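Asks: Sequence:
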Amino acid sequence: MPASPVTLRRLGIAGVCLVSLALCCGLAWWQWERFSSASGTFQNLGYVLQWPLFGLFPAFMFWRIRKLRRQAAEADIPERTAEAAVPEVPAPRRRPAPAPAPEDDELAAYNEYLRELNARDK
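Counting in the UniProt record's numbering, the sequence shown runs from 1 upward without gaps.
Hints in this document: simulated from the structure, not taken from any laboratory.
Fair warning: this is a prediction, and the values are worked out from it, not measured in the lab.
No residue lacks a Cβ here, since even glycine has one placed at the ideal position from N, Cα and C.
Treat each hint with caution, since some may be false.
To be verified - Just the calculated beta-carbon pair ranges, DEER-fashion:
| no. | residue 1 | residue 2 | range |
| --- | --- | --- | --- |
| 1 | 60 | 88 | 50 to 60 Å |
| 2 | 98 | 9 | 55 to 65 Å |
| 3 | 50 | 12 | 55 to 65 Å |
| 4 | 34 | 13 | 27 to 37 Å |
| 5 | 70 | 49 | 55 to 65 Å |
| 6 | 42 | 10 | 35 to 45 Å |
| 7 | 8 | 49 | 28 to 38 Å |
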């Protein structure tokens with residue numbers, strides 16, 4: 001009997017998780033070798049600690065998604081589609097324009113001077 005698509009999908013995801021972990025552990029080993037060399041720095045040591053976390057991240061996400069789906073099924077909440085997952089954003093409220101400040105004589109003269117300069121440049 002052929003395997004179901006769900007089983008194949010889970011095996012594919014598990015395979016990707018294992019390949020990711022193996023690749024990232026290899027990169028961590030490479031950074032450890034760099035740290036151990038004469039030109040190694042503490043930045044290389046930081047990468048030694050980061051790479052395994054990067055490798056575990058796909059497995060963590062797979063576990064987290066399964067946990068959230070199980071909780072949704074237990075709570076009898078249907079899974080939302082991509083369109084329904086986007087929340088409605090209300091239209092922005094328009095603020096009333098502020099009332100123009102009354103111009104004093106000095107500001108009016110300055111603005112007139114700026115208009116003259118602008119007219120001369122054109």
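Asks: State the violated hints by number, sorted upward, taking the hints as numbered earlier in the document.
Replies: 1, 3, 5
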